[in-house]
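Colleague: Listed below are the residues making up each chain.
There are 2 protein chains.
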Amino acid sequence: MKNIGIIGLGLIGGSMAIDLRRKGFAEQIIGVEADPVNAAAAQKIGLVDSVVGMDECVDRSDVVIVSVPVGAALKLIPAVLDRFEQTGAKDKVVMDVCSTKEMLARSVKYHPCRRQYVASHPMSGTEYSGPWAAIPGLFEGRAGIICDHQESSPKAVRTVEELYDTLNMRLIYMNSSNHDVHTAYVSHVSHVTSFALALTVLEKEKDEKHIFDLASGGFSSTVRLAKSGPDMWTPIFMQNRDNVLRVMDTYIDKMNAFRQAIAEGDEEQVRNLIEQANKIRRIIR
Amino acid sequence: MKNIGIIGLGLIGGSMAIDLRRKGFAEQIIGVEADPVNAAAAQKIGLVDSVVGMDECVDRSDVVIVSVPVGAALKLIPAVLDRFEQTGAKDKVVMDVCSTKEMLARSVKYHPCRRQYVASHPMSGTEYSGPWAAIPGLFEGRAGIICDHQESSPKAVRTVEELYDTLNMRLIYMNSSNHDVHTAYVSHVSHVTSFALALTVLEKEKDEKHIFDLASGGFSSTVRLAKSGPDMWTPIFMQNRDNVLRVMDTYIDKMNAFRQAIAEGDEEQVRNLIEQANKIRRIIR
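Taken in order, these protein sequences are the chains called D and H.
Each residue of the first sequence is one higher than the last, beginning at 752 in the numbering used here.
Each residue of the second sequence is one higher than the last, beginning at 752 in the numbering used here.
Isolated chain D (complex conformation) (with noise of 0.2 Å):
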């Protein structure tokens, strides 16, 4: 059992942090929360057992999860690992929980105590956030991904395995610039299509009685992801730029392909693109 401290208590922090304590991997939960009302929240939905100022919290803890948006981690992790400097706390291990990689292992490349430091990306989430958004079984299952991990000491490393193990994750390993071409492709981008779509369709539809009327399951799942909000989501397309925009341009000359074969009224050629989309069937359950 370990002192966890967990700062940003959102979805995933929240969610974390109740499977932690259930399932018996937390001692005690301390967080930290810039915004208030979040952190009252947190604190009367059972969420941590306090929420304390920065260094307090890095003090009290064993394991420190970052869990905040990759702009904001791309500072508070360095700042983590200088406060184990300053106490000399070798001990200590610091992960993060980001979407995006490269641009944080940089950040940190060079700091004296890089080894105590996991980079990792727990592949999971709702279109939802806040620690009202928290559920438990957030992660079972799904991928847990560590980054670079000859960068960190074994010993942290470790820590992280167990901690996801815990959680019941798939442990996988890829370098932190693999990681970002991947992401683009399996996640970002889809989010992308999903804020074309939801604008597109309220900017057509000017009348919302006839999407909500007509809006089928079908259409509700391409747009459920145009729900997440900018805090999280404009930090990773910033962070993750050049892959993701890689990714767009292959899918607007699908897009293109597709307007072409309609246009024409190429029957032939509307049937092959979607003959050969339906491959996904293979990979995806």
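Be aware that a few hints might be false.
Each pair of labels, with its calculated beta carbon distance range [unchecked claim]:
#1 H:Ile886 x D:Ala791: 36 to 46 Å
#2 H:Met805 x D:Asp1004: 41 to 51 Å
#3 D:Asp958 x H:Leu922: 16 to 26 Å
#4 D:Asp1004 x H:Glu778: 50 to 60 Å
#5 D:Asp1004 x H:Gly804: 39 to 49 Å
#6 H:Leu922 x D:Gly968: 17 to 27 Å
#7 D:Asp916 x H:Asp1017: 33 to 43 Å
#8 D:Asn926 x H:Gly881: 35 to 45 Å
#9 H:Glu1026 x D:Asp993: 17 to 27 Å
#10 H:Ser971 x D:Asn926: 21 to 31 Å
#11 D:Phe963 x H:Asp964: 34 to 44 Å
#12 D:Gly968 x H:Lys841: 36 to 46 Å
What the simulated footprint calls covered on chain H by chain D, stretch by stretch (three residues with Cβ under 8 Å from a Cβ of chain D suffice, anywhere in the stretch; the number is not a length) [claimed, not checked]:
#13 871-883
#14 929-937
#15 956-967
Bear in mind the hints are in silico, worked out from the structure with no lab data behind them.
We put the beta carbon where it would ideally sit given N, CA and C, even for glycine.
For this one, chain D is given, so just place chain H on it according to the hints.
Modeller: Frame of chain D, contents of chain H only:
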């Protein structure tokens, strides 16, 4: 209780068969199915009492449901009305369940038995097809659209209203042309975006294992519709071409706006686009 004929024993026809029987609307259900494998399966599963030829099905049914892809329906609905005329069957009703309506409406506009046809679209489905995809409760709470009801006899409309009522659908009335505009927005284009996403990921991510390992719930729900088959969707895009192209153009504009904001590192504009897209929360639960 009525004798129901179902032409096309796939997901929609099969799911209607299950609930119309279960809820006591149908006395007997007779099917027509061109594909011998599907026909044998539909009988084995027990969706229908027997599978017969088209004329026999029409002659033995009070209500004929045409549940085939829109291309085939374009020929079948006039053929069913022809049979009504030949046999002097003035009390029978034929309805369809197709996702595009304007071309169908044109195909029967001057048919002497036009008033025995009710154009309808139950807005429900899954990404699977065939009789084995049929499930109970598929239509529960969904929109059941009746188009151009003034072109049908009040008695025929009432029959279809009762049928949809039995399936617990919410009845909505509109003309064919508006139907095709609205469904382009909230259904057809979300299929194109999903197909394009699948094509993009399959092309970019050569290693399928990575897609499988990393696909989170968000990606899966966005790409789900890309499992939908070409037999259903090719004719929809062909028949609703102008509306679909118009919405696709707006969509491609939105993607380009996103692309530009990300490429320029314009954080404020990215945030702004996401916030606008988030308004979909007001409409989709």
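Colleague: For D:Gly968 and H:Lys841, compare the CB-CB distance with the range 36 to 46 Å and indicate the outcome.
Modeller: The hinted range 36 to 46 Å holds for D:Gly968 and H:Lys841, with Cβ atoms some 38 Å apart.
Colleague: Is 34 to 44 Å right for how far apart the beta carbons of D:Phe963 and H:Asp964 are?
Modeller: 37 Å, holds
Colleague: Take a look at whether the Cβ-Cβ distance between D:Asn926 and H:Gly881 falls inside 35 to 45 Å.
Modeller: 43 Å, holds
Colleague: Look at the Cβ atoms of H:Leu922 and D:Gly968 and judge whether their distance stays inside 17 to 27 Å.
Modeller: 19 Å, holds
Colleague: Go ahead and decide if the range 39 to 49 Å is satisfied by the Cβ distance of D:Asp1004 to H:Gly804.
Modeller: Since the Cβ atoms of D:Asp1004 and H:Gly804 sit about 47 Å apart, the hinted range of 39 to 49 Å holds.
Colleague: Is the gap between the beta carbons of H:Met805 and D:Asp1004 within 41 to 51 Å?
Modeller: 44 Å, holds
Colleague: A range of 17 to 27 Å was offered for this pair. Does it hold for the Cβ distance of H:Glu1026 and D:Asp993?
Modeller: 24 Å, holds
Colleague: Does the hinted range 33 to 43 Å hold for D:Asp916 and H:Asp1017 at CB?
Modeller: 41 Å, holds
Colleague: Within 50 to 60 Å: is that where the Cβ-Cβ distance between D:Asp1004 and H:Glu778 falls?
Modeller: This hint holds: roughly 54 Å between Cβ atoms.
Colleague: Closer than 8 Å, Cβ to Cβ, for at least three residues: run that test on the region 871-883 of chain H against chain D and report holds or violated.
Modeller: holds (count 5)
Colleague: Confirm or reject the claim that H:Ser971 and D:Asn926 have a C-beta distance inside 21 to 31 Å.
Modeller: Once the Cβ atoms are compared, 25 Å apart, the range 21 to 31 Å for D:Asn926 and H:Ser971 holds.
Colleague: Confirm or reject the claim that H:Ile886 and D:Ala791 have a C-beta distance inside 36 to 46 Å.
Modeller: 45 Å, holds
Every hint, counting from the list given before, is met by this structure.
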